[in-house]
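Here is how the chains run, residue by residue.
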Amino acid sequence: DVKVTQSSRYLVKRTGEKVFLECVQDMDHENMFWYRQDPGLGLRLIYFSYDVKMKEKGDIPEGYSVSREKKERFSLILESASTNQTSMYLCASSYPRSYEQYFGPGTRLTVT
Amino acid sequence: GENVEQHPSTLSVQEGDSAVIKCTYSDSASNYFPWYKQELGKRPQLIIDIRSNVGEKKDQRIAVTLNKTAKHFSLHITETQPEDSAVYFCAASKSDYKLSFGAGTTVTVRA
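Residue numbers (our numbering), protein chains in the order written: chain C, 3 to 114; chain W, -10 to 100.
It cannot be assumed that every hint is accurate.
Here are some chain C residues pointing at chain W (derived, C-beta under 8 angstroms) [stated by the list, open to error]:
#1 G18
#2 N33
#3 L43
#4 S100
The list that follows gives simulated cross-link-like pairs (lysine-lysine, BS3-like), each with its CA atoms no further than 30 angstroms apart [as the list claims (entries may be wrong)]:
#5 K55(C) - K83(W)
#6 K47(W) - K72(C)
#7 K47(W) - K83(W)
#8 K31(W) - K73(C)
#9 K47(W) - K11(W)
#10 K26(W) - K59(C)
#11 K47(W) - K5(C)
#12 K73(C) - K26(W)
#13 K57(C) - K26(W)
#14 K31(W) - K5(C)
#15 K26(W) - K11(W)
Quick list of the computed label-pair ranges, beta carbon to beta carbon [said to hold, decoys possible]:
#16 T112(C) - L29(W): 13 to 21 angstroms
#17 G(-10)(W) - V4(C): 22 to 30 angstroms
#18 R11(C) - V9(W): 27 to 35 angstroms
#19 T114(C) - S(-2)(W): 35 to 43 angstroms
#20 R110(C) - G(-10)(W): 22 to 30 angstroms
#21 M90(C) - E(-6)(W): 17 to 25 angstroms
Bear in mind the hints are in silico, worked out from the structure with no lab data behind them. As the structure is a prediction and not an experimental result, all values here were calculated from the model. Virtual Cβ for every residue (Gly too), placed ideally from N, Cα, C.
Isolated chain C, as found in the complex (with noise of 0.2 angstroms):
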């Protein structure tokens, strides 16, 4: 069964906080991907990943940045959070070759 996890369901941080979410999965998928949920907007994906230390940009990367230093784990990095960040933070993970995504849990992020 496959298993991804994220590190908080709920985070509360303040305006210029510098900011982790960490995505972890355990099937040894090649594929890694952080998308952000809103309201009327559906699933944006932010970045993605095809293999340790390889990141790419996706639709909306403004603001974020990625690390991948192992394969089971893609973190999503807010340099200086603003309120408009202030989202649900949905990681997912595939295998290569394989569209099918297992999505994580998903952290409730608030920026006040």
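With chain C held as given, fit chain W onto it using these hints.
For chain W alone, coordinates are given in the frame of chain C:
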């Protein structure tokens, strides 16, 4: 990038009736079209998908149809049940394994 539009944004149906959700996509190179279901407070999960070389696919009470010429695809749920209440997302992908999602449809099945 790919633009996926999804309609309606909300759908309320009587238990036992059918539900239809429609999506359009912009990039003719897209060749894979999944549907994800997200129950309240849960993570999205794949429920059915279709590739561009197939026009229709069924799995029990759910079916997906694809019209490549018109660049639209639809999800059909028959004999709806309370457990079908959820948010449904369509998506499209080219051969790069990235998914572009629609905005979602909140389906409510009334008992």
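So, going through the hints one by one against the coordinates:
At a threshold of 8 angstroms, the smallest CB-CB gap from G18(C) to chain W is about 30 angstroms, leaving the interface hint violated. A least Cβ separation of about 6 angstroms between N33(C) and chain W falls short of the 8 angstroms threshold, and the interface hint therefore holds. Checking L43(C) against chain W by beta carbon gives a least distance of about 6 angstroms; that is within 8 angstroms, so the hint holds. Nearest Cβ of chain W to the Cβ of S100(C): about 7 angstroms, under the 8 angstroms cut. The hint holds.
For a cut-off of 30 angstroms, the pair hint linking K55(C) to K83(W) stands: about 23 angstroms separates their Cα positions. A hinted pair counts as satisfied when its Cα atoms are at most 30 angstroms apart, and K47(W) with K72(C) does not qualify at roughly 39 angstroms. A hinted pair counts as satisfied when its Cα atoms are at most 30 angstroms apart, and K47(W) with K83(W) qualifies at roughly 22 angstroms. The hinted pair formed by K31(W) and K73(C) meets the criterion: a straight-line CA distance of about 25 angstroms does not exceed 30 angstroms.
For a cut-off of 30 angstroms, the pair hint linking K47(W) to K11(W) stands: about 16 angstroms separates their Cα positions. Annotation: proposed proximity of K26(W) to K59(C) holds, straight-line Cα distance about 25 angstroms (limit 30 angstroms). Under the criterion of a C-alpha separation no larger than 30 angstroms, the hint pairing K47(W) with K5(C) is consistent with the structure, at around 27 angstroms. The suggested pairing of K73(C) with K26(W) holds, with an alpha-carbon distance near 27 angstroms, which does not exceed 30 angstroms.
Distance hint between K57(C) and K26(W) is fulfilled; the C-alpha atoms sit about 27 angstroms from each other, no more than 30 angstroms. For the hint pairing K31(W) with K5(C), the CA-to-CA distance comes to about 14 angstroms; that is within 30 angstroms, so the pair holds. Our distance criterion of 30 angstroms between C-alpha atoms is met by K26(W) and K11(W), whose separation comes to about 14 angstroms. Between T112(C) and L29(W) the Cβ separation comes to about 19 angstroms, which falls inside the hinted range of 13 to 21 angstroms.
Separation of G(-10)(W) from V4(C) is about 27 angstroms and conforms to the stated range, judged on CB atoms against 22 to 30 angstroms. For the hinted restraint 27 to 35 angstroms between R11(C) and V9(W), the CB-CB distance of approximately 34 angstroms keeps it satisfied. Our hint of 35 to 43 angstroms for T114(C) and S(-2)(W) is violated, since their Cβ atoms are close to 29 angstroms apart. Evaluation of the 22 to 30 angstroms hint for R110(C) and G(-10)(W) yields a pass: the beta carbon distance comes to about 26 angstroms.
The supplied range of 17 to 25 angstroms is met by M90(C) and E(-6)(W), whose beta-carbon atoms lie about 21 angstroms from each other.
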